[in-house]
Structures are given as structure tokens and as C-alpha cells.
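Numbers given in our numbering equal positions in the sequence shown, counted from 1, plus 792.
Treat the hints as calculated values from the structure; they're not laboratory data.
Owing to the predicted nature of the structure, the values given are computational and were not obtained by experimental measurement.
In this text, a Cβ means the ideal position worked out from N, Cα and C, and glycines have one as well.
Honestly, I wouldn't trust all of these hints.
[Stated by the list, open to error] No farther apart than 20 Å at their CA atoms in a straight line, the calculated lysine to aspartate or glutamate pairs in the EDC-like style are these: (1) 858 to 833; (2) 1118 to 1093; (3) 812 to 827; (4) 1027 to 1074; (5) 1007 to 1033; (6) 850 to 833; (7) 888 to 875; (8) 825 to 859; (9) 1115 to 827; (10) 1067 to 1033; (11) 927 to 1057; (12) 976 to 1002; (13) 858 to 873; (14) 845 to 875; (15) 1115 to 833; (16) 858 to 875.
[Said to hold, decoys possible] Pair by pair, the computed Cβ-Cβ distance ranges are: (17) 810 to 945: 48 to 58 Å; (18) 854 to 1000: 51 to 61 Å; (19) 852 to 944: 19 to 29 Å.
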Amino acid sequence: MSTTTKKWYVGVDLGGTTIKMAFITSYGEIVSKWEIPTNTEDGGIHITMDIAKSIDHKLNELNQEKEHLAAIGMGAPGFIEMETGFIYQAVNIGWKDFPLKDRLEVETGLPVTVDNDANIAALGEMWRGAGDGAKNLLCVTLGTGVGGGIIANGQILHGASGMAGEIGHITSVTKGGAPCNCGKTGCLETIASATGIARLATEAVAVSNEPSLLKEQFDTLGSLTSKDVFEALAKGDHLAEQVLDETASYLGVAIANLSNALNPEKIVIGGGVSKAGDALLEPLRTYFNQYALERVASSAEFKIATLGNDAGVIGGAWLAKQKLTKTHY
């Protein structure tokens, strides 16, 4: 067994409010995981030093030397130059033209590989989660927005400018639609995200005259969340069923079209909305089967993501391991 195999990898998952970190073995097992707040002051300039200090602190806590670490794999939001780890822009962090890889390597003394946060979540699910080792995998993350990661032949797809997998900005098959933060209208994100589902529910309540738990909730609180929709759905609320059916129809069309092009073995649904489980998967499968080619549909298995908040750090470790293995040959 090589010395690299015995070492730990550092998985880092950078979010707008917290930075999740973990020491992970070469087999994808978490040795220790923790998180620190994301300091976005001064344009996010302090983040790399915060990560470096936190890694050193955790090593001291575990009574381990820095030599026990092999490399860092990090997921970050925003527009990234994958080869150089250069961040063109990360709005929620405050970075613009920020040399993330170079800065973190200087401050930690470790090799660093950087990728998009949705991509590393997909890699994590492929390696140790619902992907179950599948080499052709489509990962769709339904949270505040809609993210995606596409894995083909075991490799994450980046595209010409690192933008592959922006599933949330596939526009709907109908004209118009709600405005999206990207500047377009009718993006999948405006329908299938947690905020999109809440918006659809609010609009449905406004035009519906039938009795509904959602209507009662809205009249009481003045707003609705996606959680409200799924709770009402579990109690058999007809309006909630209509909202979810509309979400599933657009999501089913988008995933079917992607699958017709990519022919994935596994389609992993993650993010907060995925907690709805079969209530989401059953109508989604129905619409998917309606629009996907028969051979494509028959070879694709839908799964709910299993790693939760650990997907990013595990995917980061996989990324670091793969990069280091390549450089050794």
C-alpha cells in the first residue's frame, strides 16, 4: 500500500453561510467532519486563511501532523476556471477574479483542486452514495435553486467554459414564465426549486376557490414554503397535489431530454426538496417515462441522494484523490 493511500484527503464544501470540511480516507470514509462560518467580509478575502487555520486546529485536536494530509479537494459556488482554480465570480461569497487554488495552496502547503459545488456533490454520490459506483450518472439538486452534475464514463463534465450541468437554467417548454436570477424567464429553477414550488403554491391559492390546507396556511401566515406544500400533500390536499404535479411535469421533461442525450444509468435527486421522497419521485417517474426514449428510460434508475450534507466533502476528497493519482503517473 502506498503512503498516499494511507493518508487523509481534505474535503471542503464552501457555502454562502458555512464551510463544511472533513478528513477522509482514500476509501471515502469520513475520519472527522466539522464546519466553520463563511466570512464574506472584505470581498471574502479571509476565507482561505480561515480554512487553513481550521485544518491546522483540527489536526492539533486529533494529535496528527500535517504530513498525514495528502491534498485538498474543494467545491465552490460561482464561475470557475477548473484547471487553474480561478474564480471569475461567486456572488454569494463576494469573490471576483479570485485565485482560490493558488491562495489556498500557499496558505495550507497542500495541493488543491477546485470544482463547482454541485459537481462535487455529484461525485460524492457517485463514489459513496446513491450513485453506487455508476459511471454514467445525472445528479439533480433541488434546493433554493436547482443545481446539477453530469458524470459520463466516471468523469464530471465541465464543458468549454466550465458551465456544463447548469440544469436549473434549462428554460421551460412554454413561452414566458417567471423571471429567474440569471436574467432569463421560465428557467427550471423558477418551478422545481424550493422557492419555485412555494411560488407555484402561492399562485394556486390566489386563484383557487376550493377548500385547501394550503389556503388555510396562507390565510393564517400570509406566505407558503415548499415544506408546507409537502406537509399538505401528505394529508391528501388536492391543491398541493396539483402544485407538485406541475413541478414534476416540468422536471420530468427536463430530465428526460437530458437523459435522451446522455443515457445515464442513475438519476440521483438531492437537495432539500428531495426529502419529499416518493411523493416527488412517483409523479416524476411518470412524466420522465412519458418523454424519455423507451431504452433510455428502461436503463435509468431514479434514486434519492443518500449522503445529505456530506456529499460535497466526500466528492471533494474524491476529486483530490483522482487529481493526485493522475499526477503520480
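Verification of the hints:
no.: 1; hint: 858 to 833; in the structure: violated, 28 Å
no.: 2; hint: 1118 to 1093; in the structure: violated, 31 Å
no.: 3; hint: 812 to 827; in the structure: holds, 4 Å
no.: 4; hint: 1027 to 1074; in the structure: holds, 17 Å
no.: 5; hint: 1007 to 1033; in the structure: holds, 13 Å
no.: 6; hint: 850 to 833; in the structure: violated, 24 Å
no.: 7; hint: 888 to 875; in the structure: holds, 17 Å
no.: 8; hint: 825 to 859; in the structure: holds, 19 Å
no.: 9; hint: 1115 to 827; in the structure: violated, 24 Å
no.: 10; hint: 1067 to 1033; in the structure: holds, 16 Å
no.: 11; hint: 927 to 1057; in the structure: holds, 8 Å
no.: 12; hint: 976 to 1002; in the structure: violated, 33 Å
no.: 13; hint: 858 to 873; in the structure: violated, 28 Å
no.: 14; hint: 845 to 875; in the structure: violated, 25 Å
no.: 15; hint: 1115 to 833; in the structure: violated, 31 Å
no.: 16; hint: 858 to 875; in the structure: violated, 25 Å
no.: 17; hint: 810 to 945: 48 to 58 Å; in the structure: violated, 33 Å
no.: 18; hint: 854 to 1000: 51 to 61 Å; in the structure: holds, 56 Å
no.: 19; hint: 852 to 944: 19 to 29 Å; in the structure: violated, 41 Å
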